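**Q** Here is what each chain is made of, one letter per residue.
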Amino acid sequence: MSTFPWLLAMIVVPVVGSAVVAALPRGRDHLARQLALGTSIVVLVLAVLATVAFDTGGERFQLTTSVAWIPDFGVSFALGVDGIALVMLLLIGVLVPVVLLASWRDPMPARRSMRTYVAWLLLLEAMMVGVFVATDVFLFYVFFEAMLVPMYFLIGSFGGPRRQYAAMKFFLYSLFGGLVMLAAVIGLYVVSNSQLGEGTFAFDALRQLDIDPGVQKLLFLGFFLAFAIKAPLVPFHTWLPDSGAEAPIGSAVLLVGVLDKVGTFGFLRYCLPLFPDAARDLAPWVLVLAVVGILYAALLAMGQSDMKRLVSYTSIAHFGFIALGIFAFTTEAATGAVLYMVNHGIATGLLFLIVGMLIARGGSRQVRDYGGVAAKAPVLAGVFLIAALATLALPGTNSFVSEFMVLIGSFPTRPVFTILATVGIVLAALYILLMYQRTMHGPPRGVLLENDAPASDADPAPDADPVPGGSGAGGATAVLDAPAPAATRTLRVRDLDRRELAVVAPLVALVLVLGFYPQPLIELVTPAVEATMSDVGADPDGTTPSAGQPTADRKGND
Amino acid sequence: MGAIEAPDLSLAALTPLLFVFGAAAVGVLVEAFAPRDSRHPVQVVIALVGMVGAFVSTLLLAGTREVTAAGALAVDGAALFLQATIAGLGALSVLLFAERSLDPARSAFVASAAVPAGSARDAELATSEHVQTEIYPLASFAVAGMMLFTAANDLLVMFIALEVLSLPLYLMAGMARRRRLLSQEAAVKYFLLGAFASAFFLYGLALVYGATGSVRLSEIREAVSVSGTGGLLVLGLGLLIVGLMFKASVAPFHTWTPDVYQGAPTAVTAFMGAATKVAAFGAILRLLYVAFGTADWTWRPLVYGLAIVSMLVGAVLGLTQTDVKRMLAYSSIAHAGFLLTGVIGLGPGGTGSGLSATMFYLLAYGLTTLGAFAVVTLVREGDGEATHLSQWAGLAQRSPLTAALMTFFLLALAGIPLTSGFTGKFAVFRAAIEDGAWPLVVVAVLASAIAAFFYLRLVVLMYFSDAAPDGPTVGVAGLPTTTVLAVTAAATLVLGVVPGAVLDIAESAAVLVG
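Listed in order, the protein sequences are those of chains Z and E.
Read in order, the letters of the first sequence are residues 67 to 624 in the working numbering.
Read in order, the letters of the second sequence are residues 2 to 515 in the working numbering.
Think of the hints as simulated: they come from the structure by calculation, not from any bench.
Bear in mind that the values here come from a model prediction, so they are computed numbers and not experimental data.
Heads up, a few of these hints could be off.
The following label-pair restraints were derived from C-beta to C-beta distances [to be verified]:
(1) E:479 / Z:107: 41 to 51 Å
(2) Z:260 / E:214: 39 to 49 Å
(3) E:183 / Z:176: 29 to 39 Å
(4) E:440 / Z:261: 19 to 29 Å
(5) Z:571 / E:479: 53 to 63 Å
In this text, a Cβ means the ideal position worked out from N, Cα and C, and glycines have one as well.
Construct all of the structure, not just a fragment, from the sequences and the given hints.
**A** Below is the structure:
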């Protein structure tokens, strides 16, 4: 069984599923949904089996398969995982079925079918798996760019009122970053050609190169730009709030939960091991971006009136924490960062989903259109609270473990940055709890009052568009099922139904389980993180890896 | 300078050229003598036999490396690869010309080109199903000229080939059945500017001859390495480059491109966009690598600058276009810049991968462009084609397959992985970076990102906008156009997913003799 190509299967299964679903005749939407859910569960099972087959004490890359693909360019179709990639696969495996189930009854825009939607989602899943399991830089690049196409169509065809703008912005930002990376990828190839005698893209071979510091900086910046746009770090972040707000909820979950992690994953997998000198030299600058991002995005999040945009901004702040953990160059901080990547996917995914369920009930994305929901829909409010607390990293939730590890791991090497980042925790409590309080407690407001509803439609907010194209707009009339009463009478809000409970239950469980017992994950990722840290020449005991330290036996690092 | 000798002529090596020239000559005779009713099928068959014959014979000749016809022609890997590309693209274009089910008058070409546009007779003929068939011999001559162009080992032969390929194109550009004035304007513009470019080329030729005493590429190279380069020679080379860049629609010699692409019948635009570019770059590669490969400092800065200007002009001006054909014209200008990026990658002593990369790019780009224009012929409004961008809104709802094909071609033009466009881009960028030209590649990357915007805008229109109620219809393609679409789409996919075999061929064909 150990020779079974788990990783290849995880790419092939969703591709086949996507093709089958797309080929279904018109009107078989229900069958499409079921097939897609089945496919995604198969992928989840494969991910779990791959984890079982993975030996934490073994080689750095396991479950490898490699076939020559384009020999003229020295490209192989080489797959393999380390612990970091593996936990991302598990995250993908969990999130995709959840997202499919959450999108079960999403109202589709005119002339678009659920069939197309789930077909794109499955294709996206295949690309996401590919990007994490590629061990050939060229192959990684191919998946990195190809991943854009399904997401582009998901946002553009099924998104909110400003979907065209959001889809275009998403694609162009990512494509631009990707193309700059392409130049760096080719540069890396040329260096390998001159040093090894033949050009290669194999990660393990490239890691051995001894690249001139000046060249290294350029190449590092090429990769870094792509990942900083993807992650995204301030100031390359402006596409995310638009995409996050306009994408249908399911896609938004995958966008911030997994797609953006490719950026932070890229820092760990490519920027640090391939360009250790440059990474050490430029780390302070990256940390500045990270900390500025934590604070700036938190302030912006507080200012948002649109819940989906608010959640998008919280993610930007969290990506700042992840970048801080990665570029602090200690094993503990980097392990925390990897856990953060997983936990953020779970916590923010849950928050996005529950916000989406709220929007599906009220038909508006504005915070001010809701109030006092908790009294009408206690389960929804309870799950919202769990998601909110997990997002602000309350002890006992999964995010706490990772955030804490990042902070204590970063403190020994980068005390100033760490202290500044800690302020972000306070801000996180503010923006999340304010949103929770305004929407869930207090007197009924907005859509809950019949005479006001929908209160904000007169204002120029994008949600005001009456076209049933918005991801959340369609459910409004269905759920406000009170008979026409006196003007001040409040409306009933449907609580979570069984399907919605099934959507949130696994994520709530993960929030709690990983909050109390994160050890298995930590054991899974630690060897990979340690290997990365030794590539970059960091001292695991946590002294500042200053330029020109003994482990970096090269000159010119100032 | 002794007694006159018969020139050595390797007929075998010239088979591809003979096929197409033969088809063209026979086509003219058929035009003169065959009865009108039977001309169309006969002409199509003759043109196809010529081009497919040429294509097959280039494949059979693979591996030939010789200089023949008294040193005037070089039949080598590069020539054969590009000749095969041109012949293949030519055959596909002929299929597009032969499409009879799209236009209500059963042909996209004017019934009688000599009748003044707008006259009473013209109105009468507009709906007439009678078709002229001179387009086929003209296309054969153009293809023959292009194939000769890529094999010319002598500046004079190169000039003659330039004229043989250009003159039919000028005529073909003016033969649209719909919007005839636009088409005729395009033809006149193309002719006037093309004549200028030819004059530049001829002047450059004279100067180079003055400086080196020869028009033979190999002798120019020897003269350059023996006696160095003087002002006269560099000036001459500059003028030659101007003439060639004009044909390749490299900015700033591109001004004819949008107008001609827009005005010409779309099938002809497809042919020009795909095959002319291959031919022009074939000549550029041969001139620069064979004659001036040892003195690359004479052209490198110039080509470097032209590449940057062309990429940026194409990408930036493409943003403002509202017509699909003009947009693709600017795309072709940008791609000319990317191709020049590959030309830069000559490498020290000609060891770089620039030649094979550029040849692969030409093949990939030619097929994709041909496919994109073939899709444009399908989207129709009233009697003519609907080329305004706004008319493409919501096309995906009307015809998902057409929209999907166009999207695929546009993604290939934008260079998204798993399409031929990406493989090509990767190859030329690699060649340039290997040669140390990474700043050029950074500009190219920027230009790609800008250009992606206008490709994607069309995708946005087709997929994410709602169709206007009185929008265009999508014609049902006949067998010829369907064949073209299938071949080009399959090639775009295969060259993107498993390009290994073709890259190998390009690699082994990257030989220039002479």
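**Q** Does each hint fit the structure? Answer for all of them.
**A** A quick look at each hint next to the structure:
1. E:479 / Z:107: 41 to 51 Å: 46 Å, holds
2. Z:260 / E:214: 39 to 49 Å: 41 Å, holds
3. E:183 / Z:176: 29 to 39 Å: 37 Å, holds
4. E:440 / Z:261: 19 to 29 Å: Between residue 440 (chain E) and residue 261 (chain Z), where Cβ atoms are some 22 Å apart, the hint holds.
5. Z:571 / E:479: 53 to 63 Å: About 57 Å separates the Cβ atoms of residue 571 (chain Z) and residue 479 (chain E), which means 53 to 63 Å holds.
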